[in-house]
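Peer 1: Chains as they are written, first to last, in the numbering used here: chain A, 13 to 754; chain Z, 3 to 91; chain X, 3 to 91; chain W, 5 to 242.
Some hints here could point you the wrong way.
As a list, the in silico DSS-like pairs of lysine-lysine whose alpha-carbon atoms are at most 27 Å apart [claimed, not checked]:
| # | chain 1 | residue 1 | chain 2 | residue 2 |
| --- | --- | --- | --- | --- |
| 1 | Z | Lys44 | Z | Lys14 |
| 2 | W | Lys38 | X | Lys68 |
| 3 | A | Lys432 | W | Lys173 |
| 4 | X | Lys14 | X | Lys68 |
| 5 | Z | Lys68 | Z | Lys44 |
| 6 | X | Lys14 | Z | Lys44 |
| 7 | Z | Lys68 | Z | Lys14 |
| 8 | X | Lys68 | Z | Lys44 |
Beta-carbon label-pair distances, calculated as ranges [said to hold, decoys possible]:
| # | chain 1 | residue 1 | chain 2 | residue 2 | range |
| --- | --- | --- | --- | --- | --- |
| 9 | A | Gly218 | X | Asp77 | 54 to 62 Å |
| 10 | X | Leu23 | W | Glu164 | 30 to 38 Å |
| 11 | W | Pro213 | A | Glu554 | 29 to 37 Å |
| 12 | A | Asp99 | W | Val138 | 35 to 43 Å |
| 13 | W | Leu111 | A | Arg744 | 22 to 30 Å |
| 14 | Z | Glu67 | A | Glu554 | 19 to 27 Å |
| 15 | X | Leu23 | W | Lys173 | 26 to 34 Å |
| 16 | X | Asn18 | A | Pro338 | 55 to 63 Å |
| 17 | W | Val138 | A | Val357 | 56 to 64 Å |
| 18 | Z | Ala85 | A | Ser24 | 55 to 63 Å |
To be clear about the criterion: a stretch of chain A counts as covered by chain Z if any three or more of its residues have a C-beta under 8 Å from a C-beta of chain Z, and this derived list gives those stretches [claimed, not checked]:
| # | segment |
| --- | --- |
| 19 | 143-153 |
| 20 | 494-503 |
Please keep in mind that the hints were generated in silico from the structure rather than gathered at the bench. Quick caveat: nothing in here was measured; it's all calculated off a predicted structure. C-beta atoms are modelled at their ideal positions from N, C-alpha and C, and glycine is treated no differently.
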Amino acid sequence: MTLTSDAPTVPSDAQLAEVALTRDEFASVVQQLHRQPNAVELGILGALWSEHCSYKTSRPLLRALPTAGPRVLQGPGENAGAVDIGDGLACVFKIESHNHPSAIEPYQGAATGVGGILRDVFTMGARPVALLDSLRFGPLDEPRQRHLFEGVVAGIGGYGNCVGVPTVGGELYFDSCYRDNCVVNAMCVGIVEHGKLMRARASGPGNAVLLVGADTGRDGIHGASFASVRLDATSEERRPAVQVGNPFLEKCLMEACLELAGDPRIIAMQDLGAAGLCGSAAELAHRGGVGVDIDVSCVSRRERAMTPYEVMLSESQERMLVVVHPDDVRSVQEVFDRWDLHSDVIGTILERPEFVVRDGATGVCALPLAVLVDGAPERSAPGPPVQRVMTLERRVWQSPWPPGDTLIRLLASPNIGSRKPIFRTYDHQVGGATIVSPGTDAAVVRVHGTRRGLALTTDGNARYTALSPRRGAAIAVCEAARNVVATGAVPIALTNCLNFANPELNEVYWDLHEAIQGIADACTALGIPVVSGNVSLYNESESARIDPTVVIGMVGVLEDVERACSAGFARRGDRIAIVGPVEGSLDATELQRLAFGINQKMAPELDLDLERRVHGFVHDAIEASLLHTAHDCAEGGLAVALAESSLWGGIGVRVDLDIAGEERPWGRSRVDGILFGESQSRFLISFAMEASVQLRELADRHSLPLQEIGVVGGDRIVIDGAMDVALAAARRAYEGALVGGE
Amino acid sequence: MTWVAEVVVQLKPVVNDPQGLVVRDGLRRLGFTGVRAARIGKHVELEVEADSEQDARESVAAMCEKLLCNPVIEDYRIDSVRATAEGRA
Amino acid sequence: MTWVAEVVVQLKPVVNDPQGLVVRDGLRRLGFTGVRAARIGKHVELEVEADSEQDARESVAAMCEKLLCNPVIEDYRIDSVRATAEGRA
Amino acid sequence: MRFGITVFPGTWSDRDCAHAVELAGHQAVMLWHKDADLRGADCVILPGGFAYGDYLRAGAVARFAPLMESVVAFADRGGLVWGICNGFQILCEAHLLPGALTRNGSLQFRCEPSWLRVETQSSPFTAGIASEEVLQIPVSHGEGRYVAGEGTLDGLERDERVAFRYVAKDGSPAGASSPNGSMRDIAGIVNPAGNVLGMMPHPERACEPLLGSDDGMRLFLNVARAVSRGAAFAAPAS
Ligand SMILES: Nc1ncnc2c1ncn2[C@@H]1O[C@H](COP(=O)(O)OP(=O)(O)O)[C@@H](O)[C@H]1O
Ligand SMILES: [Mg+2]
Numbered sequence: 013m014t015l016t017s018d019a020p021t022v023p024s025d026a027q028l029a030e031v032a033l034t035r036d037e038f039a040s041v042v043q044q045l046h047r048q049p050n051a052v053e054l055g056i057l058g059a060l061w062s063e064h065c066s067y068k069t070s071r072p073l074l075r076a077l078p079t080a081g082p083r084v085l086q087g088p089g090e091n092a093g094a095v096d097i098g099d100g101l102a103c104v105f106k107i108e109s110h111n112h113p114s115a116i117e118p119y120q121g122a123a124t125g126v127g128g129i130l131r132d133v134f135t136m137g138a139r140p141v142a143l144l145d146s147l148r149f150g151p152l153d154e155p156r157q158r159h160l161f162e163g164v165v166a167g168i169g170g171y172g173n174c175v176g177v178p179t180v181g182g183e184l185y186f187d188s189c190y191r192d193n194c195v196v197n198a199m200c201v202g203i204v205e206h207g208k209l210m211r212a213r214a215s216g217p218g219n220a221v222l223l224v225g226a227d228t229g230r231d232g233i234h235g236a237s238f239a240s241v242r243l244d245a246t247s248e249e250r251r252p253a254v255q256v257g258n259p260f261l262e263k264c265l266m267e268a269c270l271e272l273a274g275d276p277r278i279i280a281m282q283d284l285g286a287a288g289l290c291g292s293a294a295e296l297a298h299r300g301g302v303g304v305d306i307d308v309s310c311v312s313r314r315e316r317a318m319t320p321y322e323v324m325l326s327e328s329q330e331r332m333l334v335v336v337h338p339d340d341v342r343s344v345q346e347v348f349d350r351w352d353l354h355s356d357v358i359g360t361i362l363e364r365p366e367f368v369v370r371d372g373a374t375g376v377c378a379l380p381l382a383v384l385v386d387g388a389p390e391r392s393a394p395g396p397p398v399q400r401v402m403t404l405e406r407r408v409w410q411s412p413w414p415p416g417d418t419l420i421r422l423l424a425s426p427n428i429g430s431r432k433p434i435f436r437t438y439d440h441q442v443g444g445a446t447i448v449s450p451g452t453d454a455a456v457v458r459v460h461g462t463r464r465g466l467a468l469t470t471d472g473n474a475r476y477t478a479l480s481p482r483r484g485a486a487i488a489v490c491e492a493a494r495n496v497v498a499t500g501a502v503p504i505a506l507t508n509c510l511n512f513a514n515p516e517l518n519e520v521y522w523d524l525h526e527a528i529q530g531i532a533d534a535c536t537a538l539g540i541p542v543v544s545g546n547v548s549l550y551n552e553s554e555s556a557r558i559d560p561t562v563v564i565g566m567v568g569v570l571e572d573v574e575r576a577c578s579a580g581f582a583r584r585g586d587r588i589a590i591v592g593p594v595e596g597s598l599d600a601t602e603l604q605r606l607a608f609g610i611n612q613k614m615a616p617e618l619d620l621d622l623e624r625r626v627h628g629f630v631h632d633a634i635e636a637s638l639l640h641t642a643h644d645c646a647e648g649g650l651a652v653a654l655a656e657s658s659l660w661g662g663i664g665v666r667v668d669l670d671i672a673g674e675e676r677p678w679g680r681s682r683v684d685g686i687l688f689g690e691s692q693s694r695f696l697i698s699f700a701m702e703a704s705v706q707l708r709e710l711a712d713r714h715s716l717p718l719q720e721i722g723v724v725g726g727d728r729i730v731i732d733g734a735m736d737v738a739l740a741a742a743r744r745a746y747e748g749a750l751v752g753g754e
Numbered sequence: 003m004t005w006v007a008e009v010v011v012q013l014k015p016v017v018n019d020p021q022g023l024v025v026r027d028g029l030r031r032l033g034f035t036g037v038r039a040a041r042i043g044k045h046v047e048l049e050v051e052a053d054s055e056q057d058a059r060e061s062v063a064a065m066c067e068k069l070l071c072n073p074v075i076e077d078y079r080i081d082s083v084r085a086t087a088e089g090r091a
Numbered sequence: 003m004t005w006v007a008e009v010v011v012q013l014k015p016v017v018n019d020p021q022g023l024v025v026r027d028g029l030r031r032l033g034f035t036g037v038r039a040a041r042i043g044k045h046v047e048l049e050v051e052a053d054s055e056q057d058a059r060e061s062v063a064a065m066c067e068k069l070l071c072n073p074v075i076e077d078y079r080i081d082s083v084r085a086t087a088e089g090r091a
Numbered sequence: 005m006r007f008g009i010t011v012f013p014g015t016w017s018d019r020d021c022a023h024a025v026e027l028a029g030h031q032a033v034m035l036w037h038k039d040a041d042l043r044g045a046d047c048v049i050l051p052g053g054f055a056y057g058d059y060l061r062a063g064a065v066a067r068f069a070p071l072m073e074s075v076v077a078f079a080d081r082g083g084l085v086w087g088i089c090n091g092f093q094i095l096c097e098a099h100l101l102p103g104a105l106t107r108n109g110s111l112q113f114r115c116e117p118s119w120l121r122v123e124t125q126s127s128p129f130t131a132g133i134a135s136e137e138v139l140q141i142p143v144s145h146g147e148g149r150y151v152a153g154e155g156t157l158d159g160l161e162r163d164e165r166v167a168f169r170y171v172a173k174d175g176s177p178a179g180a181s182s183p184n185g186s187m188r189d190i191a192g193i194v195n196p197a198g199n200v201l202g203m204m205p206h207p208e209r210a211c212e213p214l215l216g217s218d219d220g221m222r223l224f225l226n227v228a229r230a231v232s233r234g235a236a237f238a239a240p241a242s
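Work the whole structure out from these sequences, hints included.
Peer 2: Next comes the structure, spelled out in structure tokens:
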């Protein structure tokens, strides 16, 4: 076949900018192809060589992540990771960003983000059983930020609720660094029998390629390259890039694909995501070491007069590629017909590893897959390593408010207050498996047909990574693990989403490098492998860039879901203790941000060995049925953790931290550090008085400090010598944090 | 004076309209086989105070720009502006 | 021939329209203090094959009765039926 | 006994309902929307979901599925038909029950516990559940605000056809705690013969203490009891 598309010419700078390729990359294309690409090929190369598809900057860095482990069935490289959870079942999960589309159109951007991550999971044959989200916006009191926030939340609910997958958890922060670039990450978790786990690897020359689902329109053309450039004034003009999702179609597609999971007729399945048909067909063939020949004239369209280029790069949602033997085409199509899903045979698998696109008899593109998928030159550091320099605008020793007042303000902070206004709009129960609902630490979802449960969480405090990328990222892993451990589960694997600014800036590049090292540090220390993830770069505008934002999505396994431990105080008279460090500083805390609008010095200390021992202690204590509740201490420190456990359980607390009489300035600062400092590696536990001795022994065995600090009861939060706050007042502050002031 | 304005907000022609697809298919299944396409939009009826039709129209256009229409995916048109019975009286 | 019909489906006046209230209040908050009321309905644009305008109109009315409008809470009206450019050719 | 569970494209509570039926010790069979066969079901459940995406109006398109003809005929013969959430919406659209379900007053989806008071003893679904008892059963919907003409509402109340009303946790009137702003706090109604029930809350999500409540199980057991007592409520099959 000869290519009859426009004659190859040397593209102008403007043409290269259009397809988001650099002059050097173009030179590399020509060198690898031994010829000039034609215009369509250039566009296709631009999309697949975009950062979004090729990971040209992050791939070399991601190699540092530990990805192996005894439970790992599928590490990074497929649509989602998969780990063994016993009983012949696997848990399949991944997190993904949809930041750029959400900044342009919050509802649809977030909704299609959910749609995309669902497809990544059911493409593997797994039934999605849970969704989680991780969101970041600018200050909530700014109308535009509230608009984005409400739109994104409605979009996530709108899609997930309609598809019938519960949204069981997530996290939310507001910080001025996200004003122009919100962060919208969605995670999906699915379950599949080992034998039905599917892979997206095409094989068998002559096999047919089916395109199933929505008709193809001009949606999101350039979406991939769009996500690889920063937002500027002209972003508005790229608006046709916005896609409108159809969750109803997704639900039908999901059911049909799950019906076919594990079916020997299905050779491979791959969802359509970034760079549309190009990205998916190319990856599908490349993973299988074969080629593919696509005829765009066979693709059903929603719009008239689409060019082959538009058809290939359209990011219309709710579409799937399926590879089957030609003899099975009819019978497989019948399954899709039953669900009223349209399907077309649009191509064939080739033996030679080539990516061929034709429009009927006319050739449009013929590129070696090795060049298309793997050819993008990896980018290395723009310059020598840089360390973040700690800024010290002003020393912060103590809160400007008395402790009780400080607590109320923290509880009313949109970063800490109740998330109920959000998750009550998410169906978090469909599936009949949600044992621990959103709102406390990790959610717990039971695995139907077994006694087991999965503990699920997303975490990542960007205040820490902003100051100390490496330590901050390690803390994100530890915090996620703590949330999982607090339920009694054992963390088994994680997924991660790295949201950063422009990596062509040396500082950003090194932040990314450091953050990945930090994830690796914690994963190695805790023995938790990384099985999937996503990188979102160029989260910056002309005036601002986001703080390095590492989001960890973690899965843990609970052997007996009936014994899941909760975080809200359970019984009056229970003793309360803190395991791990008590003292802390106010650096990098929510209080520092709230009171002074700054975030300075360094992220809290992190001792990974201590962290590991603390997890071991909590796990053993829950297993031995010694605990009534467990809760980790995160934003807002010990005081907020106490208030949360009180509010969730509806019972007050009386605590003696031995701080009464600390009146001198130095003393006040120590008190505030204890109450509101965010020291790592600690848990707040409650238990029956009789368990006290055993817990002490257990702590000794793990070489851990355990300090009994108080008793559950009453209807006030009392910390002797520091505060006495009515639970009702705390609740008002906590529950009003996200509610808009009219 | 009081005016009643009718505004239609529709998805831009290039934007996917899942509702329209379901309605089209639903109608066909009901035997209305002649239906070639359906698009679903919003119809907004506003009652506004303004000194003249011109003023009412301008103010409604501003409302569309600011709130009623999401220009990223939607277009709007003002179908009619007329004085209410009350306004006329 | 192909006809384009525009249909408006609105909640009956007696049915509470919380969306209308929210839009009205939203507009007022944006400074459009002259807004007295807002009602939100659906706008359905249909492309149908029919031999005459009369046929098209009847068939659209039947679609409204059967599917597009729920008479318990909604009223409908057919705003316009016109031949498409294509249909006219 | 055998529960038939309808499956439309977009239905998602089908599996949860089947699970509840099995927990109750009975058999669940799925009824595909394109088939007219009720597969020998003693009771037909129309479960929750977004049939056809609930685009246009919840339940509007589903009502015309071939399966619905059989469901209507089954109901007319006195068979037990139970619409839950989306199923309730479909039953109203199909005119098996009066009124309509409109967008929640808050304009938001609501997934949270709701508290219900049983308002009729004359339906097999609610028989034996005292009106002082408050059932805890979650809601999960965006369009659950029950609307009907005043005459219809008066008739429903007069004929004891209001099955459930939303109340506050302590049994007092729901007031602002109503999840959707339904007229007269109506959460569920039955047809004149009492054999067709539509309700917005999800009893299948309240069948195990592990999930927070098992009050919903009482409704499943009631249905089974009614069926085993024979066609007490059922008109003779035609
Ligand atoms: N931060 C990361 N950590 C581990 N794996 C990653 C990371 N980012 C991307 N990956 C892996 O790289 C592959 C490509 O990711 P992505 O482009 O997001 O996939 P898709 O196009 O299917 O959504 C996936 O297998 C993903 O799991
Ligand atoms: Mg994928």
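Peer 1: Now look at each hint and say whether the structure bears it out.
Peer 2: Status of each hint after checking the structure:
no.	hint	result
1	Lys44/Z - Lys14/Z	holds, 12 Å
2	Lys38/W - Lys68/X	holds, 19 Å
3	Lys432/A - Lys173/W	holds, 18 Å
4	Lys14/X - Lys68/X	holds, 17 Å
5	Lys68/Z - Lys44/Z	holds, 16 Å
6	Lys14/X - Lys44/Z	holds, 16 Å
7	Lys68/Z - Lys14/Z	holds, 17 Å
8	Lys68/X - Lys44/Z	holds, 20 Å
9	Gly218/A - Asp77/X: 54 to 62 Å	holds, 59 Å
10	Leu23/X - Glu164/W: 30 to 38 Å	holds, 33 Å
11	Pro213/W - Glu554/A: 29 to 37 Å	violated, 56 Å
12	Asp99/A - Val138/W: 35 to 43 Å	holds, 38 Å
13	Leu111/W - Arg744/A: 22 to 30 Å	holds, 24 Å
14	Glu67/Z - Glu554/A: 19 to 27 Å	holds, 24 Å
15	Leu23/X - Lys173/W: 26 to 34 Å	holds, 28 Å
16	Asn18/X - Pro338/A: 55 to 63 Å	holds, 58 Å
17	Val138/W - Val357/A: 56 to 64 Å	holds, 58 Å
18	Ala85/Z - Ser24/A: 55 to 63 Å	holds, 57 Å
19	143-153	violated (count 0)
20	494-503	violated (count 0)
Of the hints listed earlier, those the structure fails to meet are numbers 11, 19, 20, in rising order.
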